[in-house]
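Engineer: Chains as they are written, first to last, in this note's numbering: chain A, 1 to 243; chain B, 1 to 243.
These aren't lab readings, by the way, just hints derived from the structure by calculation. Check before you lean on any hint, since a few could be wrong.
Under the rule of at most 25 angstroms between Cα atoms (straight-line distance), these lysine to any residue pairs were calculated in the SDA-like manner [unchecked claim]:
no., chain 1, residue 1, chain 2, residue 2
1, B, Lys90, B, Phe106
2, B, Lys19, A, Val227
3, B, Lys207, A, Val227
4, A, Lys207, B, Lys207
5, A, Lys19, B, Thr5
6, A, Lys212, B, Leu35
7, A, Lys19, B, Thr214
Number of protein chains: 2
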Amino acid sequence: MSVPTAAILVIGDEILSGKTEDQNALLLISQLRELGVALRRIAVIPDDIDEVAAAVRDLSARFNHVFTSGGVGPTHDDVTIIGIARAFDKSIVRHPDLERRIISFFGEDADESRLRMADVPEGSELIDSPELRWPMLACKNVYILPGVPEHFRRKFMAIRERFRVAPFFARAIYTLEDEFDLAENLRTVADSHPQVAIGSYPSFSSKEYRVKLTLESKDADAIEAAVKELMAVLDREKFVRSE
Amino acid sequence: MSVPTAAILVIGDEILSGKTEDQNALLLISQLRELGVALRRIAVIPDDIDEVAAAVRDLSARFNHVFTSGGVGPTHDDVTIIGIARAFDKSIVRHPDLERRIISFFGEDADESRLRMADVPEGSELIDSPELRWPMLACKNVYILPGVPEHFRRKFMAIRERFRVAPFFARAIYTLEDEFDLAENLRTVADSHPQVAIGSYPSFSSKEYRVKLTLESKDADAIEAAVKELMAVLDREKFVRSE
């Protein structure tokens with residue numbers, strides 16, 4: 001079962017310098033999970049053309065979907081469009097449909113600074129949706145989203161269903177066993193169930209359990225088989241609960 | 001003025017799948033800022049040896065300091081140590097001092113699973129501090145921190161002062177001008193003050209201002225010169241306040 005993969009590229013000095021706390025990657029983490037897409041990478045980089053170009057080139061080649069956040073306004077620190085164009089060796093062209101919409105929206109205020117918002121990497125696709133005043137912009141497998149969280153959310157929500165695939169299944173087992181004592185058995189079960197991602201998370205503050213084991217897969221049968229095998233090797237007296 | 005740079009590498013399927021919300025990168029963002037270190041990259045990657053190796057190799061070469069978070073426990077999904085060893089073509093060796101401490105702490109419970117916690121990339125450095133029961137581990141310029149937030153925080157706080165350099169200076173200007181109308185003047189001021197990082201952040205929800213302009217530099221005089229030049233080109237009637 002091939003699972004589509006995704007990466008999030010957050011572009012913004014304001015995140016790295018702590019002026020603004022990221023909300024957009026956080027939203028996409030939960031959204032992509034719910035859509036059945038495997039998020040494999042989050043990168044936060046500065047407002048720098050070469051950094052954007054290098055990151056987009058790398059992520060676009062390695063993952064099915066790339067979502068960028070930020071850097072799409074009209075000022076000197078907005079370098080996402082030019083960075084994406086450079087990543088794909090595309091020139092930047094004024095998109096006639098976007099230009100028309102800007103003129104219709106701004107009327108006689110549609111000066112060069114505003115019209116420049118119609119400049120996109122050559123070959124970009126506009127994705128329209130009834131919920132959006134402005135269309136989403138995509139270049140190859142890169143979806144270009146704004147940094148302002150309300151706008152980011154509205155745009156992503158308008159296009160989210162195009163990414164939906166089969167869901168993930170998940171189980172969790174809580175135990176009072178120590179991770180050191182679990183490690184060997186856990187490795188054996190993990191090795192014999194490559195389709196199931198098994199995670200082990202110790203808690204040093206919970207009084208209820210010492211380790212939370214998580215099992216995830218797109219294959220519900222595979223997950224149940226792994227749970228069964230795991231339950232057989234866990235210490236029954238230290239078992240807390242499963243969910 | 002050369003500013004030391006840093007990267008944060010968060011290693012953990014649990015972050016990418018949304019089971020756990022990152023707190024460690026968030027802590028380091030504010031800490032590094034306060035210490036005068038320029039954070040240039042955050043990457044979140046899965047529990048995968050090759051991914052860790054590739055990321056560590058890249059980040060370690062490009063930035064002065066690299067901080068890893070997570071993947072240092074005893075279970076199969078803890079691959080940070082082996083990934084870092086692979087990044088630097090080092091073998092993994094049992095560190096005699098760590099081994100001695102594990103034996104002293106666990107007594108006769110110090111089995112192979114626990115002793116394995118003394119296995120580190122060859123040439124790693126232990127950093128001791130009175131506040132720490134276990135020393136910090138560093139390999140070249142890579143500081144290896146645990147994923148559990150309480151432990152991450154305690155370890156980083158114990159070693160933070162070794163990274164302190166001259167502070168950043170920052171100013172902010174709030175205006176009711178539109179970003180489209182500001183863009184050209186802003187670019188001119190930014191171009192003539194390369195030592196000052198100027199950011200422009202629109203707000204669509206604030207009633208007080210439309211754009212927040214930020215100026216940051218290690219050079220207090222450079223920042224004041226840029227503020228002065230900026231104030232001269234801003235529309236006085238739309239100026240809100242500065243801080």
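Engineer: Can the restraint linking Lys19(B) and Val227(A) be considered satisfied, given a maximum Cα separation of 25 angstroms?
Structural biologist: holds (18 angstroms)
Engineer: Does the structure keep Lys19(A) and Thr214(B) at a Cα separation of 25 angstroms or less?
Structural biologist: holds (9 angstroms)
Engineer: Check whether the Cα positions of Lys207(A) and Lys207(B) lie no farther apart than 25 angstroms.
Structural biologist: It is violated: about 47 angstroms lies between the C-alpha atoms, which goes past 25 angstroms.
Engineer: Tell me if the straight-line CA distance from Lys19(A) to Thr5(B) falls inside 25 angstroms.
Structural biologist: holds (17 angstroms)
Engineer: Regarding the pair Lys90(B) and Phe106(B), is the alpha-carbon distance no greater than 25 angstroms?
Structural biologist: violated (28 angstroms)
Engineer: Taken at face value, is the distance from the CA of Val227(A) to the CA of Lys207(B) at most 25 angstroms?
Structural biologist: Roughly 54 angstroms separates the two Cα atoms, so the pair is violated.
Engineer: Given the hint that Lys212(A) pairs with Leu35(B), does the C-alpha gap stay at or below 25 angstroms?
Structural biologist: violated (35 angstroms)
This entry does not satisfy hints 1, 3, 4, 6, going by the numbered hints stated previously.
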